[in-house]
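Engineer: Residue numbers (our numbering), protein chains in the order written: chain A, 75 to 402; chain B, 1031 to 1289.
Accuracy of the hints is not assured; some may be wrong.
To be verified - DMTMM-like cross-link-like pairs, simulated, lysine to aspartate or glutamate; straight-line CA separation at most 25 Å:
| id | chain 1 | residue 1 | chain 2 | residue 2 |
| --- | --- | --- | --- | --- |
| 1 | B | Lys1151 | A | Asp252 |
| 2 | A | Lys382 | B | Asp1173 |
| 3 | B | Lys1198 | A | Asp252 |
| 4 | B | Lys1169 | A | Asp345 |
| 5 | A | Lys248 | B | Glu1096 |
| 6 | B | Lys1151 | A | Asp317 |
| 7 | B | Lys1158 | A | Asp209 |
| 8 | B | Lys1198 | A | Asp267 |
| 9 | A | Lys248 | B | Glu1175 |
| 10 | A | Lys382 | B | Asp1242 |
I should point out that these hints are in silico values taken from the structure, not numbers from a laboratory.
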Amino acid sequence: MRKAFDWWWGIALAFSLLAAMRAFLPLPFVNEILIFSIYAIGCSFLLGRVGFISFGQPAYLAIGAYGTAFYLFYFGTNPYIGILAGLASGFIAALIVGPLFVRLRSDYFALVNLALAVIVFFLMQKVLAPITKGDNGLWFLTNMTSTPVLDITRPSQFFVFAFIVGLAIWAFYKYLDDTLFGACCLATKINEDKLQFLGYSNFSIRLAAFVIANTTTALAGSLYAVYIGAVSPEITSPARAADPVVVILLGGAGTLYGPIVGSIAYTGMKDVISKLIGNWEMIIGPLLVIIMLAGEKGIWGTLEPWLKTLLFRNKSVVPQKNSSIEGN
Amino acid sequence: MEIFRASNVTKRFGALVAVNNVSYSLHEHEVAGIIGSNGAGKTTFFNLLTGMFPPDEGTIHYRDVEITHETPQQRVTRGVMRTFQLTSTFDNLTVIDNLVLAYFRAHRKASLLQLFLNTCKQHRNNEKITAILETFDLKDLRDREVRNLSLGEKRRLEIAMTMLAEPKVLLLDEPLAGLAESEIQAVLEILRRQMGRQTILIVEHKISHVKDFLQRITVMHEGSIIAEGGYDECMSHPEVRRSYWQIDIDAETSAEAGS
């Protein structure tokens, strides 16, 4: 029982915090945090586990969002099927570009993904404008029909759905951390030659990690599309390419809970500061620099040891394997 | 019985001929060594045998099957494993998880699905892994991250990982490099125990440490084999004395004639 608690305590704590936030903070804010943290977890997995930094996450976010939007605008009305369509779009896109991208070194990987984000942006804005309606975007809020049990067309019930999806995703990534696949990802990050000479395929491991991470990102795009009820090319704007990277660096690069903490911090700062001044980036930028200089581990990476000591008191029961992806 | 055969193998890097028309055989359960000065082409030849890169010319056979263009993974499947000149482990994993990764690939199919379905924890108490921890005196370091180990401990772990896979051919690239005397003895003791069980090829600078148990020594110089045979035979070879020990044979001969 104690071991099970040790294993899950981070997830329980993170989601208890999110549930508590629902009671005190505006619903749109909490929903945004949930979607943003799902958006960032894929990027965090790629960076922390495999060593790939990606500035192309908006591309996969947009592919998921447009997959959902196309279904709900042109073909059907059920938002759940729309989410499945977005998820499938992200999976297929990752499977197509993955074999090309994962052969690259991390720096080239970052740039080629950024290039993909630019390509997707112009595809959605210009080339496919007859279908995507260009800058006006696709509006399908009124097309969606209410669904039984959990009506995700209503923001309050959408929160419950996004919360369950988020919890499932974190449990999945926690499981991945503990699998041999997770260990292989860490191994390929630090010593691909050795892994190869043990008989493992670096390519297969990286491709699988890439597909998992970007399908998760596409899922975040689908959730965003259903929540807003509209999608425009702005979602894949290259100007927003660094957002998930900033969030995970802020929360704690390569940690499992960093994306949640980073999303809360980033969305919170953005929300509060943008109410005070128009050009909120002018404040957020320097703030991020200060936070990162204060602790390279990010907020979660710095707080985690303190929280463990506080929660477990007796150091001997502190889990050997912390929740840090890096530290596995 | 011949287990490994390289025939007229050549490898060029631009204008540099790193390995020049080398033919070499390794026999089953033999413990052989390749020595040579820096830049002799030992490690390049070693990399050709292990599939790090293919030769420009020539062929490599394993048990009469041509493996010249096989990938390292395919060679591992055949039972050929190697260690690296610079100790090569997964520093961001624990000692036990390094061993689990080595064990799992060698004893299971290790398809992606298997990697997803198995956790490291499931295999940490495996009998063979526990035994190898004892053998290599790594039991107390079991849960320590490899980045916190000394060079000697890492070297022992690297060889333990290779042994755990129970390879038929073990290729060791300078296994004693950077080790203290006590650590050298520990590694040599482990290697001695494998004699007669595995085919071992060692590339080593510290020839004095390994000469006692090498059954055959091959000396390379400027990409070519210049001598082959027992230790004394090789060391007295004039070409070896000139290139490896840098002894001026002509001056020595003149001095002897003068005296």
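Engineer: Determine for every hint whether it applies to the structure shown.
Structural biologist: These are the hints, each one checked on the structure:
no., hint, verdict
1, B:Lys1151 / A:Asp252, "holds (8 Å)"
2, A:Lys382 / B:Asp1173, "holds (19 Å)"
3, B:Lys1198 / A:Asp252, "violated (31 Å)"
4, B:Lys1169 / A:Asp345, "violated (52 Å)"
5, A:Lys248 / B:Glu1096, "violated (44 Å)"
6, B:Lys1151 / A:Asp317, "violated (35 Å)"
7, B:Lys1158 / A:Asp209, "violated (62 Å)"
8, B:Lys1198 / A:Asp267, "holds (20 Å)"
9, A:Lys248 / B:Glu1175, "holds (20 Å)"
10, A:Lys382 / B:Asp1242, "violated (54 Å)"
This entry does not satisfy hints 3, 4, 5, 6, 7, 10, going by the numbered hints stated previously.
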